[in-house]
Each structure stands twice: as C-alpha cells, then as structure tokens.
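Undergrad: These protein sequences, in sequence, are chains A and B.
Start counting the first sequence at 1471; every next residue gets the next number (my numbering).
Start counting the second sequence at 10; every next residue gets the next number (my numbering).
In short, the hints are calculated from the structure, not lab data.
Because the structure is a prediction, the values reported are computed rather than measured.
Hints are not guaranteed to be accurate.
Residues of chain A placed beyond 12 Å of chain B at every Cβ, according to the derived structure [as the list claims (entries may be wrong)]:
hint, residue
1, K1477
2, V1496
3, W1599
4, V1617
5, I1670
Straight-line Cα separation of at most 30 Å, DSSO-like style, residue types lysine-lysine; simulated pairs [said to hold, decoys possible]:
hint, chain 1, residue 1, chain 2, residue 2
6, B, K147, A, K1570
7, B, K104, A, K1570
8, A, K1510, B, K50
9, B, K221, B, K235
All C-beta atoms, glycine included, are put in the ideal place defined by N, C-alpha and C.
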Amino acid sequence: MGLLSKKDAKLITDPLADNNPITIQVLGICSALAITAELKASLVMGIAVLFVLGVGNVVISLMRNIIPSKIRIIVQLIVVAALVIIVDQVLKAFAYDLSKTLSVFIGLIITNCIIMGRFEAFALANKPWQSFLDGIGNALGYAVILVIVGFFRELLGSGTLFGIPVLGDPIEMTGVYALGYENNGFMLMPPMALIIVGLIIWVQRSRNKDLIED
Amino acid sequence: MAVNTDKNSYTILFAIAMVVVVGSVLAFTASSLKPAITKNKEIERQQNILYAMGINGNEGTGDITFVEKAKVADAFKTNVSEQIVLEVKGGKVLKEMTRDEFMKSKDQGAGKEPYLIDIKKEQTKAKNGESRFLPLFKGTQDGKTVYVTAVRGKGLWDAIWGYVTLDKDMVVQGAFFDHAGETPGLGANIKQRYFMDDFQGEKLLNDAGVFKGIKVAKGNNDPVNKIKDDNEVDALAGATITGDGVSAMIKKDLKLYLPYFKNLK
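With the rest of the complex left out, here is chain A:
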C-alpha cells in the first residue's frame, strides 16, 4: 500500500482540475483579480494559502466535535485570522524581504472564500489527515489557476516573467517590440483577470463535457 489510499489521493487531485476551487466552485475570485498582475505575486500567494489552508483545515478538523454550531463561522474566522497573523509575524522576523514582497497578499488571505469554504464543507465533517490533504489539494488547485492567470497578465501586460524582460526592451524597441508589438496595458487591469479566468473555464468545460451543468 502506498502512502495515500486511492480515496486520499483523489482529495489532492480532484481540486486540481475537475473540482477546481476557482473554475468550478467559483470561489477565491477576489484575490485572483487583485494580485495576478505579476507571476511572482501569484506564486507567493499560492504558497501562503497552501500553508494557511493546510494547517487551518487540520485545526478545524481537530476541534470539529467541540465547536458550538451557533458560532462556528466566527470560530473559523478566528482560526484563519490567527494563522494569517502568525504567518505574517514569522515572515517579518525571519524572512523580512519575502514579507515585504507579500505585503498586502497575506492580509488578503483572510478574505479568501476558499478557506472558509473548505473549513465549512470539509474540515467540519472529516478527520484531520483527510482534511489536511483536502486543504493541500484545494490550495494547489487555487495556485495553479493563479499562476496561469499571472503568467498571461505579466507576459502580455508588462512583457516580463518574474520581472525579467522576455519579449525585448519596449523603450529601445528590441525583440518583438521591433515588429510593432506593444504591451497591452489593459492586461494589468483587474477585469482582464476575470476574462482570463473565464477563458480557462471555457477551455476546461469544452474539454470535459461532464462539467457542464444543465
């Protein structure tokens, strides 16, 4: 027997495509719009969510039998907020440069619907190990979409990837700029993220007809 049973492995692989938190569950759109103008920011946000969702799911799962149902949303919020503050403080103390790059994103995690969604839908009803896998899977599914959107927005909007110019120099007119290409400033605007997410949803559903709802 491997490390993961078939059912456990599905917890990780499902959210990557067929049950993706962004494209199928349509959660976490807000942060996808806000931070995907740069590939680096997308990646870093993905990693931060991976940590918060992984640990948060385990914490909620451990407490699932003692949480009063009347205040469960508040309890979940407190757990997310506490984890986010701890991540922020630890980064500031030990990886100050990284914490500077993250700045707003860390705070944005609190408002990420995916986290509350997974706490509510999965961790409250499942054991810690399964909850952990579910958290990791969903965070990865989220990160994949963010990276795809970030890739296109940064490439077409600024002509760079991870801040490194890949299309040539727009001022000296080298590379593709010599052919008359210009950076598409609209790509840097939040609405373009929504349009790219829409295109991803379109591609995904046209490849897998099962995803189309009647």
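Chain A is already provided as a structure; the job is to place chain B on it using the hints.
TA: Just chain B, lined up with the frame of chain A:
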C-alpha cells in the same frame, strides 16, 4: 463523554476560552518575535538610505538589490558622514542638531539614532502646530557632498514613503520609494528601478530658484525622461493616485528642507 454543544452556556464558555487561547498564542508570538522584527526594520531603514545614495547591489537594469544585511551597519558608518536633525516650524529652521546633540536631547531623542525618527509622528506634530524634526543624512557621491532627505505621504491604499538624495542645488541624485500596500503590478511599481531611476537629475527648483517639486505626469511626451529641467517624470500606467501621492509627498516634504539648502549657498 458527550457534551451538548448547543447549550447557550457552553457556547459562551467556548467563545471565552477560544478568545483567551488565541489571544495568548498571538501575544506570545508577537512579543517573542518583536526584537527580531525591530532589528529587521532598522536594517531596512539603513539599506533604504544607502540605496537612495546609490550604494546598492544593483546589477543590470531590472532588479533592485540592497547592501547585504551583514554589511549594512559598516556601510552606513562609512558612507553617511553626518546625521543631522533639523527642528522646523512654519517653514523656518529653529535649530540644527548633530547626531550626538539629538541623541542627548531629553524630550525627543533619548538615545534614538536620527535615522530612526518616525516621520509619521513628526507629521502629526506639525499638524498640531508643534515644531517637528527632520532627519538629514550627509554623505559623498562621486566626490560631491550629497544630502539624503526623508519623505512620507499617502498612496491609493496606504502610506508611501521614501528617501531622496539631493545635491546642494536641490537636484535629485537618487531616490528610493516604498509603500505599505499599493496594488501589485500597478501602484507598487513605485518601488521599481525604472521609476526610481527616472528621478535622477530632476531639479526641484525652477531657474529662478523657486521651489517647484517634481510631478509624476501622465502623457508628458518624455517617456525616456531625457528632459530633466521640466520638473516632470513619466507616470506609471494604471497608478494615477499612487503617482499623485508621490508628487504630493515630494512637494510637501522636500519643501521643508528648502531653508536649509538656501543657507548652504
């Protein structure tokens, strides 16, 4: 043992316990990490001041890199020859203090290095009609004496701040800008080299010697920023309010140093 989690008394007790536990965990984390965070912030200030003076690890055209953490303290000592504190009120310099005088002064300094002056607090003091302290760092760049000044203002979402290096004629020799929470890819680009480097050579005064500031201008038909006496640099796409914030803080904060620079001549 089955607990009835629906009871009101249980809910209240649970909430209290939760607040106490989470509160103590956070308090413990914050207080145990505080020394490390404060140290990091001090190092960052020194790095930023050195960066504005042109002492940095930049290579090529893209990235911004600072003096290495381990070498910052030494670099700061050798490159910043003097830390000056100006006490200003209503556009006049009331007092000029050296580092030692400032650190010994009872009311404000109390052993605090001038580079640690909290600009935000000083701005509030000025708003309340009190006198405020302005830090100024003297150093040399290519054999010329330069002065690093501090600025702070408002961006779109949160505070923006920076250090601007000037020569005695108030011509910008270097600049460093940072922000607390501007939009990544848009306003956050004030921290990019292509934006900060544009300020080099810009004049703060016009030909008649009147303070004009530097405007972050949209459509100024000079994207390469070759004209340096127009008091304008090219704006960032999609970051109008952040850009306006940069113009405003330069105008407002650098004007305070004007009497000092006028005296230099």
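Undergrad: Hint by hint, say whether it matches the structure.
TA: Status of the hints after comparison with the structure:
1. K1477: Answer for A:K1477: holds, closest chain B Cβ roughly 28 Å.
2. V1496: Since the minimum Cβ distance to chain B is about 23 Å, A:V1496 lies beyond 12 Å and the statement holds.
3. W1599: 23 Å, holds
4. V1617: 14 Å, holds
5. I1670: 19 Å, holds
6. B:K147 <-> A:K1570: Roughly 27 Å between the alpha carbons, so the hint for B:K147 and A:K1570 holds.
7. B:K104 <-> A:K1570: It is violated: about 36 Å lies between the C-alpha atoms, which goes past 30 Å.
8. A:K1510 <-> B:K50: 23 Å, holds
9. B:K221 <-> B:K235: 19 Å, holds
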